[in-house]
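**Student:** If you read the sequences in order, they're chains A and B. This note's numbering applies: residue 3 is where the first sequence begins, and numbers increase by one. This note's numbering applies: residue 4 is where the second sequence begins, and numbers increase by one.
With beta-carbon atoms standing in for the labels, derived distance ranges: (1) Gln-26(B) x Leu-91(A): 46 to 56 Å; (2) Val-228(A) x Leu-173(B): 16 to 26 Å; (3) Leu-173(B) x Leu-128(A): 26 to 36 Å; (4) Glu-26(A) x Leu-34(B): 29 to 39 Å.
Hint data in this document are derived by calculation from the structure and do not stem from the laboratory. Glycine residues also receive a C-beta, built at the ideal position from the N, C-alpha and C atoms.
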Amino acid sequence: MEQKYEEEIQMLQQEIEMLEAEQEETLRSIFIEHGDRLQHELLCLVFEEGGGEQDLSILITEVRELEKDLRRQTEINGIALNECFVKTLHKSERKLVQQLRLAGHCSVLLFQVEFAVTEIQEDDALRRRVTELNIVVDGVEFKDFSAFVSRVEDTKDLLLFFRTLRTFSERCEERRQTFQHFQEKYPDVVSLPEGCRSELMIIRSPQLPGTSMTIFWKIDVSMEGVVKPSLELLLKMSDQAREFDTKKVMENGSNYFQSLLQILGVEASIEGLIRTMFVRSHKTSQRSRRGNFIPNLLFDINTCTITR
Amino acid sequence: MEAVEQGVLGHLMALERDGMGQQDQHESQRLEMLKVRAVTLRAQRDQLKHQADAVKVRRILKDKISKDLPLDDVDAAGGFIDLQKSLLTAWRMQLKDLQRAHHLIGGYDLVECKEGKSVCVSFHTAFEGVYLETYNMELDLTRTVQISRHNIPPSFPLESIAKQILQKDLKAFLQTLSQKLNAFAGRRQQVCLLKELVGSVEVMESNQLCNILVLMCTAQGETPKAVLCTLEYGDLTQCLPTRVSIECEDKTLSESPQWKKNQSLLLESPAHTALLTMRRMGSIA
Numbered sequence: 003m004e005q006k007y008e009e010e011i012q013m014l015q016q017e018i019e020m021l022e023a024e025q026e027e028t029l030r031s032i033f034i035e036h037g038d039r040l041q042h043e044l045l046c047l048v049f050e051e052g053g054g055e056q057d058l059s060i061l062i063t064e065v066r067e068l069e070k071d072l073r074r075q076t077e078i079n080g081i082a083l084n085e086c087f088v089k090t091l092h093k094s095e096r097k098l099v100q101q102l103r104l105a106g107h108c109s110v111l112l113f114q115v116e117f118a119v120t121e122i123q124e125d126d127a128l129r130r131r132v133t134e135l136n137i138v139v140d141g142v143e144f145k146d147f148s149a150f151v152s153r154v155e156d157t158k159d160l161l162l163f164f165r166t167l168r169t170f171s172e173r174c175e176e177r178r179q180t181f182q183h184f185q186e187k188y189p190d191v192v193s194l195p196e197g198c199r200s201e202l203m204i205i206r207s208p209q210l211p212g213t214s215m216t217i218f219w220k221i222d223v224s225m226e227g228v229v230k231p232s233l234e235l236l237l238k239m240s241d242q243a244r245e246f247d248t249k250k251v252m253e254n255g256s257n258y259f260q261s262l263l264q265i266l267g268v269e270a271s272i273e274g275l276i277r278t279m280f281v282r283s284h285k286t287s288q289r290s291r292r293g294n295f296i297p298n299l300l301f302d303i304n305t306c307t308i309t310r
Numbered sequence: 004m005e006a007v008e009q010g011v012l013g014h015l016m017a018l019e020r021d022g023m024g025q026q027d028q029h030e031s032q033r034l035e036m037l038k039v040r041a042v043t044l045r046a047q048r049d050q051l052k053h054q055a056d057a058v059k060v061r062r063i064l065k066d067k068i069s070k071d072l073p074l075d076d077v078d079a080a081g082g083f084i085d086l087q088k089s090l091l092t093a094w095r096m097q098l099k100d101l102q103r104a105h106h107l108i109g110g111y112d113l114v115e116c117k118e119g120k121s122v123c124v125s126f127h128t129a130f131e132g133v134y135l136e137t138y139n140m141e142l143d144l145t146r147t148v149q150i151s152r153h154n155i156p157p158s159f160p161l162e163s164i165a166k167q168i169l170q171k172d173l174k175a176f177l178q179t180l181s182q183k184l185n186a187f188a189g190r191r192q193q194v195c196l197l198k199e200l201v202g203s204v205e206v207m208e209s210n211q212l213c214n215i216l217v218l219m220c221t222a223q224g225e226t227p228k229a230v231l232c233t234l235e236y237g238d239l240t241q242c243l244p245t246r247v248s249i250e251c252e253d254k255t256l257s258e259s260p261q262w263k264k265n266q267s268l269l270l271e272s273p274a275h276t277a278l279l280t281m282r283r284m285g286s287i288a
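Input sequences plus hints: build the corresponding full structure.
**Tutor:** Written as structure tokens, this is what we have:
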């Protein structure tokens, strides 16, 4: 008699597990297929006061709270997830295997990440590990990112990827803002031939043809996820100008720039460079930071002035 | 004599009867429990089945939506409520999935406590795909940002990091801490793994912060020789050493190209991986 009940109980438990899993799958697929429309239809219900049946009001409150929490997490993590597909491959009392596909962005950098995670409940703790990892990144900033991505996929280091992505996106944002700032301030002299998200900025004056300064602002990411920005200056002079280059500005210009960077920082250094492009009339005889960009230029490190 | 025996026997028989009765009682109690449990589970199963049907019906209704038919043109007013219920349930499921996703990718799981006066954050660590410890911290936000509670190991330079960054930029503080904690967890895990996988190597010295590691290996050769490898981790944000020195009584060994290569291996890959490679190549026992 007892045995009969015990058997029935076990069978019911299994059935319940199966039905719950089925229900989860159905709910997820509804969202996949009609997610946008769904939110559109229910937006007013959820985000306006009043309305809704008894039954619904609990659900509505829950959804409101979850949306609020999600905004909080997005803000603090610096990562926005636009898509989240979850597939449960195995679920039992002690083991859970899931595949997740996420798509989103970190500031303007887009990513798509697919990974599989296995969780096993052992006596004292929950053991969780990533068993597969595939990453796709999109954006002009990512041209030197692939070595890091390959390494992270090999080591399955999902957390390192996102930590590095955050730092990388901050450095990219600094670069973008600085480049854009200078282009807006000096539109005649500064050009960004590959856009404000690229690593190139060219400074040339219409009055000094053949002479230009190109700034390469690279943001390097090592295989271990170390993000290192570095700036380099490339000077180009017309042959005519080069004849007057007795002080060897062409050769030493990039080194001077490095010293300048260390003392003044990035923005002030670039500002200084740009100003050398302004050709003044011969009236000025006194020393000033603005000067003609003639080969006899000297960056005076000690007084931070540019004089002849 | 007979009367007394009858009395004793009778008493014993009465006791036996009582005993069996108690057992019966136990049995019937258990039976009752099982019966009740079965009934509860049956009800749960039936409810799920009913809901499952409802969800399927809702899918059909959703088809109506995709065909741009008006939603409230449903059989009964109750149908519309049920539809909303299913949709909200689906939305809730998606939101929970997103929460979990943030958690799995190493998010800080920020929770507001004490009516916004403080927040709790978690630092998840992982190494080579294996999730390790999670460290938690409560930050008090009343006047300035202060750390009120945490379970980060005392050897960790938390104070100095907080002093440098916490007041200026909370996110940068969290980022730096997460980076350093992950590196620390990674270094610690390497020591565990090398003890586990490369039993032949002896850990002579290591410290709480896991930024110095001295290992004793046995170099293969005509006569096995002891080699001391010292790994210094100068950069606390990294899992790899910044300096590796090889010492051996036999100077020719430590200067040999094979051991120069081993030195590079130890600089470029995690300790346990490097040692396993060295063993596989026959360099060490």
